[in-house]
Amino acid sequence: MFLAVLTPKQNDDVSSDAALVQQLLRRDVRAFEKLYDRHSRIVYGLVLRILQQASTAEEVVQDVFLQLWRNASQYQSSRGPFVPWLLTLARNRALDNLRLKSERQRRREDQTEELPQIAQTPAYEQALDEKRRAEAVRSLMSSLSAPQKKAIEMAYFEGLSHSEIAEALHEPLGTVKSWIRNGLIRLKEGLQAQAAS
Amino acid sequence: MSEHDQFRELIEGYALGSLDEGDRGQLEAHLASGCSDCGAALAEARWLVTQLVYLAPPAEPSEMLRARLLQRVRAEGVNAPSAATAGAPAKSAIPFWVWAGVAALLLLTAYSTWNAKRMGDRITELNAQVGDAVKQREALRQELTAAKHEAVILTDPESRRFTIWPNDKQMPRLEAAWHQNMGIYVTGQKVPMPGKNRVLQLWLISKSGKPMPSRTFWPDAKGKVDLMIEDPPEVMADTKALAVTEEPMGGSPQPTTTPMWVGGVS
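First to last, the sequence lines map onto chains Y and A. Just so we're aligned, residue 1 is where the first sequence starts under this note's numbering, counting upward by one. Just so we're aligned, residue 1001 is where the second sequence starts under this note's numbering, counting upward by one.
Looking at chain Y on its own, in the form it has when it is part of the complex (with noise of 0.2 Å):
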């Protein structure tokens, strides 16, 4: 069931994900609705693995979801796809509490203030549908190394750079500057593999 409410499965949604919001511009509390209840286990999942506390989580996504109904129309669909947009958001609003928490340094403050970026869609992500992308994402994950896996979750899911990262498995830099790069293009031409068969 969770795979199913990750990501919409087919265009028709994607679209409708994107006419949702256009209708929050119109303060449509029923597509708010809509748009909660078919997003909110994946915002809600990412949030507590960044956070691991449920209440303070729950605080994020009440954020996230609020910014969404408040500055609708900042999301863009000519800019990409709905899901990625309000994942990113959703990330970036979680490593800035987390930050705020932990007192670190906040280098990434240029990138997180500001609103997602553009994520196209590739052309293979529609050969698949939700549910075999995500058991393909864990599955290609799980055949990375131990170190390397461990080096994409820490950036990803804690927001530590290429150095803290280093610095905290006792890695040399540029070790796991290719850890990243290669887990991550890894990735990507395992969901092609995918896609493709």
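One or more hints might be untrue.
With a cut-off of at most 25 Å between alpha-carbon atoms, the simulated SDA-like pairs for lysine to any residue come out as follows [stated by the list, open to error]:
1. A:Lys1210 - A:Gln1254
2. Y:Lys150 - A:Glu1009
3. Y:Lys149 - Y:Asn182
4. A:Lys1196 - A:Thr1258
5. Y:Lys188 - A:His1030
6. Y:Lys149 - A:Pro1058
7. A:Lys1222 - A:Glu1143
8. Y:Lys34 - Y:Ala18
9. Y:Lys34 - A:Pro1058
10. Y:Lys149 - Y:Glu135
11. Y:Lys150 - Y:Asn97
12. Y:Lys188 - A:Lys1196
13. Y:Lys131 - A:Pro1057
14. Y:Lys34 - A:Phe1162
15. Y:Lys34 - A:Ala1103
16. A:Lys1117 - A:Ala1103
17. Y:Lys150 - A:Asp1023
18. A:Lys1207 - A:Phe1162
19. A:Lys1210 - A:Thr1145
20. Y:Lys188 - A:Asp1156
21. Y:Lys150 - A:Asp1020
22. Y:Lys150 - A:Glu1021
23. A:Lys1190 - A:Met1249
24. Y:Lys34 - A:Gln1071
25. Y:Lys149 - A:Arg1072
Everything labelled a hint here was simulated from the structure, so no lab data went into it. Small disclaimer: the values here were computed from a predicted structure and weren't measured.
For this one, chain Y is given, so just place chain A on it according to the hints.
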């Protein structure tokens, strides 16, 4: 490795947000130069990064969060202006004409209040003016009545005119007109002012010789006496003479001094 390839190696890390400051600055400068290949690669890398969300364990937010969020959204949907339409005028749930009506009503109320106060002040002012006019009218009426009395007393054939003579030949005489029904009118010129805390008092001397006290008076600054007794006492028919004495302030029931003026009615 070309310079472009060097930047290309930074794309995934940049999309992940894990580049250190130096690398990030260099890549951003390269992207700002308009490299379309890197731009397209970055857009795809961003999408790829979002797929890492599937590494997060499944979790479901509480129903309370949903209820709380929807409650706020519904409240803002009804009460708050939309910030969603950036740059567009905020759209109220209440039609403009209602606000215009309310504004007009408030203006009308404010004007009515101001006007009512203004009218109230004006009415108070007019009431005061009316009060003054009534007093003036009453004073005029009294003067007219007195003048009519004087005229009647002085001109009526039934009136008797006579002189009230001073005991002191240096003193001026007084003139009197007496009417059985209209009263007595006494005038005089160059009458000296009585002493301090003293007044002049008119007496009606009956045929039996008994003095009946009447009005007290003073001459004005020029010594003029203008005394009207509008309602003559019943004893007037029996009055044979008028006398004037100087008495203490407030007058006396009986003469306390020798009359300064005496005049027979007949």
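Each hint tested on the structure:
Among the hinted pairs, lysine 1210 of chain A with glutamine 1254 of chain A is consistent with the structure: their alpha-carbon atoms are about 9 Å apart, no more than 25 Å. A threshold of 25 Å between alpha carbons decides the hint, and for lysine 150 of chain Y with glutamate 1009 of chain A the separation of about 20 Å falls inside it, so the pair holds. For the given pair, lysine 149 of chain Y sits about 11 Å from asparagine 182 of chain Y by alpha-carbon distance, which is consistent with the 25 Å threshold. For a cut-off of 25 Å, the pair hint linking lysine 1196 of chain A to threonine 1258 of chain A stands: about 18 Å separates their Cα positions.
The straight-line distance between the Cα atoms of lysine 188 of chain Y and histidine 1030 of chain A is roughly 23 Å, inside the 25 Å bound, and the hint therefore holds. Proximity of lysine 149 of chain Y to proline 1058 of chain A is assessed by CA-CA distance (about 19 Å); at most 25 Å being required, the pair is judged to hold. Only pairs whose Cα atoms come within 25 Å are accepted, and lysine 1222 of chain A paired with glutamate 1143 of chain A is accepted, the gap being roughly 20 Å. As the CA atoms of lysine 34 of chain Y and alanine 18 of chain Y are separated by approximately 12 Å, the hinted pair is consistent with the 25 Å bound.
The suggested pairing of lysine 34 of chain Y with proline 1058 of chain A holds, with an alpha-carbon distance near 20 Å, which does not exceed 25 Å. Restraint check for lysine 149 of chain Y and glutamate 135 of chain Y: satisfied, since their Cα atoms lie roughly 16 Å apart, inside the 25 Å limit. Annotation: proposed proximity of lysine 150 of chain Y to asparagine 97 of chain Y holds, straight-line Cα distance about 21 Å (limit 25 Å). A hinted pair counts as satisfied when its Cα atoms are at most 25 Å apart, and lysine 188 of chain Y with lysine 1196 of chain A does not qualify at roughly 128 Å.
Among the hinted pairs, lysine 131 of chain Y with proline 1057 of chain A is consistent with the structure: their alpha-carbon atoms are about 15 Å apart, no more than 25 Å. For the given pair, lysine 34 of chain Y sits about 119 Å from phenylalanine 1162 of chain A by alpha-carbon distance, which is inconsistent with the 25 Å threshold. The hinted pair formed by lysine 34 of chain Y and alanine 1103 of chain A fails the criterion: a straight-line CA distance of about 38 Å is larger than 25 Å. In summary, the hint linking lysine 1117 of chain A to alanine 1103 of chain A is supported, as the alpha carbons are separated by about 21 Å, within the 25 Å threshold.
A distance of roughly 22 Å separates the Cα atoms of lysine 150 of chain Y and aspartate 1023 of chain A; the hinted pair therefore holds under the 25 Å criterion. As the CA atoms of lysine 1207 of chain A and phenylalanine 1162 of chain A are separated by approximately 17 Å, the hinted pair is consistent with the 25 Å bound. Between the alpha carbons of lysine 1210 of chain A and threonine 1145 of chain A the distance comes to roughly 31 Å, so the proposed pair goes past 25 Å and is violated. Between lysine 188 of chain Y and aspartate 1156 of chain A the alpha-carbon distance is near 136 Å, which puts this suggested pair outside the 25 Å criterion.
Taken as a hint, the lysine 150 of chain Y and aspartate 1020 of chain A pair is honoured in the structure, with Cα atoms around 18 Å apart against an allowance of 25 Å. With a C-alpha separation of about 22 Å, the suggested pair lysine 150 of chain Y and glutamate 1021 of chain A falls inside the 25 Å cut-off, and the hint holds. Taking the CA atoms of lysine 1190 of chain A and methionine 1249 of chain A, the gap is near 21 Å; set against the 25 Å cutoff, the hint holds. Restraint check: the Cα-Cα separation between lysine 34 of chain Y and glutamine 1071 of chain A comes to about 15 Å, which is no more than 25 Å; the hinted pair holds.
The suggested pairing of lysine 149 of chain Y with arginine 1072 of chain A is violated, with an alpha-carbon distance near 40 Å, which exceeds 25 Å.
The structure is inconsistent with the numbered hints 12, 14, 15, 19, 20 and 25, although it conforms to all the rest.
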